[in-house]
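From first to last, the protein sequence lines are chains A and B. Note that the numbering used here gives residue 7 to position 7 of the first sequence, counting from 1, and the numbers run on in steps of one. Note that the numbering used here gives residue 53 to position 53 of the second sequence, counting from 1, and the numbers run on in steps of one.
In case anyone wonders, no lab produced these hints; they're calculated from the structure. Just so we're clear, the structure is a prediction, and the values are computed from it rather than from any experiment. Check the hints yourself; a few may be wrong.
[To be verified] Residues from chain B that keep clear of chain A, each with C-beta distances beyond 10 Å, as calculated:
| no. | residue |
| --- | --- |
| 1 | Leu4 |
| 2 | Ile5 |
| 3 | Gln23 |
| 4 | Gln28 |
| 5 | Tyr51 |
| 6 | Asp124 |
| 7 | Gly125 |
| 8 | His126 |
| 9 | Leu135 |
[To be verified] Straight line, CA to CA, 35 Å or less: simulated DSBU-like cross-link-like pairs of lysine-lysine:
| no. | chain 1 | residue 1 | chain 2 | residue 2 |
| --- | --- | --- | --- | --- |
| 10 | B | Lys113 | A | Lys66 |
| 11 | A | Lys49 | B | Lys32 |
| 12 | B | Lys113 | B | Lys2 |
| 13 | A | Lys49 | B | Lys2 |
| 14 | A | Lys6 | A | Lys84 |
| 15 | A | Lys34 | B | Lys32 |
| 16 | B | Lys32 | B | Lys138 |
| 17 | B | Lys121 | B | Lys89 |
| 18 | A | Lys84 | B | Lys89 |
| 19 | A | Lys66 | B | Lys32 |
| 20 | B | Lys113 | A | Lys34 |
Heads up, the beta-carbon is just placed ideally off N, CA and C, and yes, glycines get one too.
Spelled out, the chains give:
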Amino acid sequence: MMTVNKQLQGDKLTVAVEGRLDTTTAPELEAQLKDSIDAVTELVFDFSKLEYISSAGLRVLLTAQKCMNTQGTMVVRGCSEDIKEIFSITGFSEILTIE
Amino acid sequence: MKELIIDALTENLPQVLGFVDEQLEAAQCPVKIQMQIDIAVEEIFVNIAHYAYEQEVGTAAVRVEVTNEPPAVQITFIDQGIPYDPLAKADPDVTLSIEERQIGGLGIFMVKKTMDDVEYKYLDGHNVLTLKKGLVSK
Numbered sequence: 001m002m003t004v005n006k007q008l009q010g011d012k013l014t015v016a017v018e019g020r021l022d023t024t025t026a027p028e029l030e031a032q033l034k035d036s037i038d039a040v041t042e043l044v045f046d047f048s049k050l051e052y053i054s055s056a057g058l059r060v061l062l063t064a065q066k067c068m069n070t071q072g073t074m075v076v077r078g079c080s081e082d083i084k085e086i087f088s089i090t091g092f093s094e095i096l097t098i099e
Numbered sequence: 001m002k003e004l005i006i007d008a009l010t011e012n013l014p015q016v017l018g019f020v021d022e023q024l025e026a027a028q029c030p031v032k033i034q035m036q037i038d039i040a041v042e043e044i045f046v047n048i049a050h051y052a053y054e055q056e057v058g059t060a061a062v063r064v065e066v067t068n069e070p071p072a073v074q075i076t077f078i079d080q081g082i083p084y085d086p087l088a089k090a091d092p093d094v095t096l097s098i099e100e101r102q103i104g105g106l107g108i109f110m111v112k113k114t115m116d117d118v119e120y121k122y123l124d125g126h127n128v129l130t131l132k133k134g135l136v137s138k
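With the rest of the complex left out, here is chain A (with noise of 0.2 Å):
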């Protein structure tokens, strides 16, 4: 189970994600920021309640990376110590920006 709650001010687009994404998951967020990203200069992800990422989460955050290195910015916020394993594992830490 997955949800998705976004807040945008001005230019500025905070997604929280809670719950587990994954293969079946994925899709959906990908989906949701495909539909809000444009005109966004800032990208903001509240992991701070994300419980699980898996290789399809890991793909949406890539592309959304690629994206936001066109038009601005995107940072990573509130990772469990569990998921920064995965993203050092996988070399996700040299590409995003985790705080």
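Given chain A's structure and the hints, the job is docking chain B onto it.
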């Protein structure tokens, strides 16, 4: 040993994870190790769902065996699809920049990195993939 036999469809992933988690929770598996095992199980099961049977729907068997001395789990996936060794694929280069990064192969790479042992065999018309992981945090 517990076994689940299920249609190899992506939409059955929550059931597969639920089945595995039940055994892991009964074995008091630490949360971090459970997440790593879930990731590995997802990658392997989704691989079977995507590639084993082409357009047809086939089944996958998932066997979970927990041992106490030492605390460890062995998870075996068996399908009757096309012979396919996911471990044969070269590891992605995780040091490349974002522009050069290829997303393919990342799932299997995570499996290799987080599990203690991963083994593939093709036996009597079956793909047999086995994961092993100790249940004690290092």
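Against the structure, the hints:
1. Once the 10 Å rule is applied to beta carbons, Leu4 of chain B is consistent with being away from chain A; the minimum gap is 17 Å.
2. The beta carbon of Ile5 of chain B sits about 20 Å from the closest Cβ of chain A, which is more than 10 Å, so the claim that it is off the interface holds.
3. The Cβ of Gln23 of chain B sits about 17 Å from the closest Cβ of chain A, beyond the 10 Å cut-off, so the non-interface label holds.
4. Every CB of chain A is more than 10 Å from the CB of Gln28 of chain B (nearest about 17 Å), matching its label as outside the interface.
5. Non-interface status of Tyr51 of chain B relative to chain A is upheld: no Cβ of that chain comes within 10 Å, the nearest being about 14 Å off.
6. Under the 10 Å C-beta cut-off, the non-interface status given to Asp124 of chain B relative to chain A holds; the minimum distance is some 29 Å.
7. Its beta-carbon lying about 27 Å from the closest one in chain A, Gly125 of chain B satisfies the requirement of being farther than 10 Å from that chain.
8. Every CB of chain A is more than 10 Å from the CB of His126 of chain B (nearest about 23 Å), matching its label as outside the interface.
9. Against chain A, the non-interface label of Leu135 of chain B holds: every CB pair exceeds 10 Å, the least being about 15 Å.
10. Restraint check for Lys113 of chain B and Lys66 of chain A: the C-alpha separation of about 25 Å stays at or below 35 Å, so the hint holds.
11. Only pairs whose Cα atoms come within 35 Å are accepted, and Lys49 of chain A paired with Lys32 of chain B is accepted, the gap being roughly 15 Å.
12. The hinted pair formed by Lys113 of chain B and Lys2 of chain B meets the criterion: a straight-line CA distance of about 25 Å does not exceed 35 Å.
13. With a C-alpha separation of about 31 Å, the suggested pairing of Lys49 of chain A with Lys2 of chain B holds against the 35 Å cut-off.
14. Among the hinted pairs, Lys6 of chain A with Lys84 of chain A is consistent with the structure: their alpha-carbon atoms are about 22 Å apart, no more than 35 Å.
15. For a cut-off of 35 Å, the pair hint linking Lys34 of chain A to Lys32 of chain B stands: about 31 Å separates their Cα positions.
16. For the given pair, Lys32 of chain B sits about 11 Å from Lys138 of chain B by alpha-carbon distance, which is consistent with the 35 Å threshold.
17. Between Lys121 of chain B and Lys89 of chain B, the direct Cα distance comes to roughly 15 Å. Compliance with the 35 Å bound is thereby established for this hinted pair.
18. Using a Cα cut-off of 35 Å, the hinted pair Lys84 of chain A and Lys89 of chain B holds, with the two alpha carbons roughly 25 Å apart.
19. In summary, the hint linking Lys66 of chain A to Lys32 of chain B is supported, as the alpha carbons are separated by about 29 Å, within the 35 Å threshold.
20. About 32 Å separates the Cα atoms of Lys113 of chain B and Lys34 of chain A, which keeps this hinted pair within 35 Å; it holds.
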